[in-house]
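Student: Each chain, written out:
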Amino acid sequence: MTILDAVKSIETALPDAFERAYEFRGDITVVVNPAHIVEVCRYCRDTDGLRFDMCSGVTAIDYYPDEPRFALVYHLYSMRHNMSLELKVYLAGDEPVVDSVTGVYPSANWFEREAYDMFGIHFNNHPDLRRILMPDDWEGHPLRKDYPLGYETVQFSFNFDEVNKHKPYAKE
Amino acid sequence: MGVTQKLGDMGVVTLRLEDAVNWARTRAMWPMLFGLACCAIEMMSAQASNYDMSRFGMELMRPSPRQSDLMIVAGRLSRKMAPVLRQLYDQMPEPKWVLSMGDCASCGGIFNNYAIVQGVDEIVPVDVYVAGCPPRPEQLIHGILTLHERVKHERITDWA
Amino acid sequence: MTRLEDSQWQGDLEQIKGLVTERALRGETMVLNMGPQHPSTHGVLRLLLELDGEEIVSCAPDIGYLHTGIEKNMETKRYEQAITMTDRTDYLNNMGNNLVFCLAMEKLFDLDVPPRAQYLRVLLAELQRISSHLVWLGTHALDLGALSMMLYCFRERERILDIFEMLSGQRMMTTYIRPGGVWRDTVPEFEPAVRDFLSYFPARIDEYERILTENPLWRDRTQGIGFISAEDAIRYGCSGPTLRGSGVNWDIRKAIPYSSYEDFEFDVPLGQHGDVYDRYMVRIEEMRQSIRIVQQAIDRLPDGPFRSNNRKYVPPPRSELGHSMEAVIHHFKLWTEGFRPPKGEVYVRVESPRGELGCYLVSDGGPRPWRVHFRTPSFMHLSVLPHLTKGYLIADVVGIIGSIDIVLGDCDR
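Protein chains in written order, with my numbering: chain A, 1 to 172; chain B, 1 to 160; chain C, 1 to 413.
These are calculated hints, taken from the structure and not from any lab test.
All values reported here derive from a predicted model rather than from experimental measurement.
A few of these clues could be false.
[Unchecked claim] Quick list of in silico lysine-lysine cross-link-like pairs, PhoX-like style, CA-CA up to 20 Å:
| hint | chain 1 | residue 1 | chain 2 | residue 2 |
| --- | --- | --- | --- | --- |
| 1 | A | Lys-165 | B | Lys-96 |
| 2 | C | Lys-254 | C | Lys-77 |
| 3 | A | Lys-145 | C | Lys-343 |
| 4 | C | Lys-107 | C | Lys-390 |
[What the hints assert, rightly or not] Label-pair restraints from in silico Cβ distances:
| hint | chain 1 | residue 1 | chain 2 | residue 2 | range |
| --- | --- | --- | --- | --- | --- |
| 5 | C | Gly-322 | A | Glu-152 | 38 to 44 Å |
| 6 | A | Asn-125 | C | Met-30 | 58 to 64 Å |
| 7 | C | Thr-84 | B | Asp-19 | 45 to 51 Å |
| 8 | C | Glu-191 | B | Ala-20 | 51 to 57 Å |
| 9 | A | Pro-15 | C | Pro-39 | 28 to 34 Å |
| 10 | A | Glu-139 | C | Pro-342 | 35 to 41 Å |
| 11 | C | Lys-390 | A | Pro-168 | 50 to 56 Å |
| 12 | B | Asp-19 | C | Lys-390 | 43 to 49 Å |
| 13 | C | Glu-262 | A | His-81 | 17 to 23 Å |
| 14 | B | Pro-95 | A | Gly-93 | 51 to 57 Å |
All C-beta atoms in this analysis are idealised placements derived from N, C-alpha and C, irrespective of residue type, glycine included.
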């Protein structure tokens with residue numbers, strides 16, 4: 001079964017989950033309704049002919065200031081048929097919540113934690129949703145577009161002394 | 001001439017206390033394993049056989065801070081790791097020195113953002129900065145020898 | 001004489017409630033912190049181990065001590081500036097990181113790459129694989145007690161770093177692979193240096209095998225440890241030697257060939273039992289196969305241009321700036337504003353020495369990438385660590401961490 005047949009079978013089997021599909025440079029992305037993402041993942045994993053048994057990763061994207069603001073992309077790969085597919089869900093900006101797919105793909109566990117840490121996307125039924133890369137008491141979600149880069153002014157020779165005054169040096 | 005010669009014939013050597021103490025400190029300065037990122041690989045290369053660091057007395061890299069003199073901060077220090085660095089520095093007994101290896105440890109390097117401490121000298125006082133991304137093993141050895149020169153010129157008044 | 005109340009967790013119970021089993025909260029088992037600074041954790045990794053005597057009941061990795069914010073920083077730099085940051089994610093696989101980002105850019109821009117550049121990329125990626133496996137072998141053997149292995153492996157690695165320095169001027173962070181090809185053509189000393197390396201390196205691999213493979217101490221410490229079955233490995237997203245050690249035949253260089261890997265003949269070594277010893281054998285054999293690929297690449301290296309001619313994305317050589325007005329205009333545009341790629345998203349995967357390294361690149365049509373996400377193998381393999389270490393002794397944890405070959409820069413980015 002080719003990848004196009006696989007996408008067709010998702011469309012016919014789960015019509016309320018499937019929104020649209022598009023192709024760019026040979027990769028197929030299927031946009032899915034966020035409420036049905038677990039169903040679609042289970043269908044992709046268990047159906048003969050699809051067998052997308054490996055979830056390579058979950059990426060979160062922030063489209064600020066467009067709405068819907070967040071998008072989650074699930075990269076699926078089928079070992080048996082050597083096909084790869086991307087599932088995309090769009091989430092609203094003020095309360096991004098989606099169901100966790102760790103029941104279907106355990107490999108998505110840490111990726112969802114990273115999406116929560118970096119973007120603030122909340123996952124229902126996740127076994128262990130807490131910060132992974134930032135310290136536990138960090139405030140804010142760093143990879144959002146409205147989070148500042150947090151850089152320090154570069155010291156050149158003309159502003160060396162001014163910047164030096166504000167730098168916290170350790171004395172002892 | 002004089003008393004030194006006579007003592008030398010009997011097998012007694014006299015030198016100033018500072019010279020003796022500084023000689024002992026520089027010739028067997030044990031570094032602490034604090035390799036964080038890419039610079040750690042170059043530090044390991046400097047320790048390996050091509051650019052041997054054990055000829056300078058640094059045969060052993062001690063993982064325990066209680067047994068080491070020199071902390072080579074090799075690599076980028078993230079904000080999560082900063083309290084750990086300070087705790088390890090505090091656990092080292094005197095005399096202790098800090099060598100900041102690489103651009104990220106010295107000034108934040110190419111990562112000018114929220115996650116990286118812009119220079120290890122915000123957390124611990126640094127004696128020698130070695131630039132490079134990552135610095136070649138020869139640069140690191142030059143930094144260590146510069147530190148040895150500094151230690152050789154320490155005086156009793158600095159310790160008291 | 002310790003009382004039961006004294007052996008309770010002294011810190012805040014809430015902090016570790018989700019991470020350890022009930023027995024630890026009651027005080028039956030000991031919670032040990034294998035801290036960020038440890039000689040055997042290959043970087044700054046913190047493990048919260050729950051021990052029943054010497055046996056591990058549960059293990060919770062705590063990462064993020066090397067988080068650098070590379071992905072966010074790349075969003076503020078132009079595409080060609082951002083390549084320098086990719087070198088530093090997985091600092092033992094610099095060429096591979098450059099390669100995955102450049103492949104993603106080339107897929108996005110639909111940019112052609114001349115054959116000479118493709119063969120050079122394969123050659124350098126395989127040399128990088130050998131150098132990364134040498135560091136792995138040196139540190140893994142060092143942790144398990146074979147101290148001299150580290151000195152031997154780093155000695156070999158110096159030759160490879162000399163070759164990289166010959167080409168790009170830098171030993172590790174080369175940024176040699178650029179979109180459209182490579183940065184500059186090879187120098188005349190390159191080919192004799194590579195052939196010289198190929199002539200003596202296979203004997204060195206045999207020397208390492210003589211020291212370790214049949215050694216009863218090595219076998220005792222590595223066989224039967226850190227077992228993962230093939231189904232679990234696929235479910236948990238493992239790739240690379242960790243997956244192939246369990247017998248699953250999946251190598252991205254064969255399954256989804258990139259950069260003309262389909263022109264090269266090589267075998268993919270597989271393990272059978274899925275333990276630490278099999279992963280070790282897979283990587284040793286991979287080094288031999290990489291030698292084969294490098295031999296074929298240097299024998300068949302085609303002549304021709306080393307970078308694409310598409311002046312919308314690739315700057316013109318400086319010699320042209322003297323007499324061609326278009327070259328000056330292209331140079332000016334590329335250096336001040338940068339190129340404007342089409343809008344879209346691409347995902348590219350390559351076979352790094354650790355496993356599947358993927359790059360997901362989202363472009364909004366501007367000169368800076370909108371979002372770059374690296375799917376790194378060390379991140380996945382660390383999430384499997386609790387599964388791999390359950391039931392083994394604490395001395396085995398060191399061997400298991402060594403066998404999954406993690407690099408914390410790769411994991412935390």
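Student: Is it true that the C-beta distance of C/Glu-191 to B/Ala-20 lies inside 51 to 57 Å, as the hint says?
Tutor: holds (55 Å)
Student: Is C/Lys-107 close enough to C/Lys-390, meaning Cα to Cα at most 20 Å?
Tutor: With a Cα-Cα distance of about 42 Å, the restraint between C/Lys-107 and C/Lys-390 is violated, given a limit of 20 Å.
Student: Is 50 to 56 Å respected by the C-beta to C-beta distance linking C/Lys-390 and A/Pro-168?
Tutor: violated (44 Å)
Student: Using the beta carbons of A/Glu-139 and C/Pro-342, state whether their distance is inside 35 to 41 Å or not.
Tutor: holds (37 Å)
Student: Given the hint of 17 to 23 Å, check if C/Glu-262 and A/His-81 actually sit that far apart at their C-beta atoms.
Tutor: holds (19 Å)
Student: Is 58 to 64 Å right for how far apart the beta carbons of A/Asn-125 and C/Met-30 are?
Tutor: At 32 Å between Cβs, range violated.
Student: For A/Lys-165 and B/Lys-96, compute the direct alpha-carbon distance and say whether it is at most 20 Å.
Tutor: Not satisfied, since the Cα-Cα distance of roughly 27 Å exceeds 20 Å.
Student: 43 to 49 Å was suggested as the range; check whether the CB atoms of B/Asp-19 and C/Lys-390 agree with it.
Tutor: Hint violated: Cβ distance 57 Å, outside 43 to 49 Å.
Student: Would you mind confirming whether the straight-line C-alpha gap from A/Lys-145 to C/Lys-343 stays at or under 20 Å?
Tutor: holds (18 Å)
Student: Do A/Pro-15 and C/Pro-39 keep their Cβ atoms within the hinted range of 28 to 34 Å?
Tutor: Once the Cβ atoms are compared, 57 Å apart, the range 28 to 34 Å for C/Pro-39 and A/Pro-15 is violated.
Student: Are C/Thr-84 and B/Asp-19 spaced within 45 to 51 Å by their CB atoms?
Tutor: 46 Å Cβ-Cβ, so the 45 to 51 Å window holds.
Student: Is 51 to 57 Å a correct range for the gap between the Cβ atoms of B/Pro-95 and A/Gly-93?
Tutor: Given about 56 Å between the Cβ atoms, the range holds.
The structure shown violates the earlier hints numbered 1, 2, 4, 6, 9, 11, 12.
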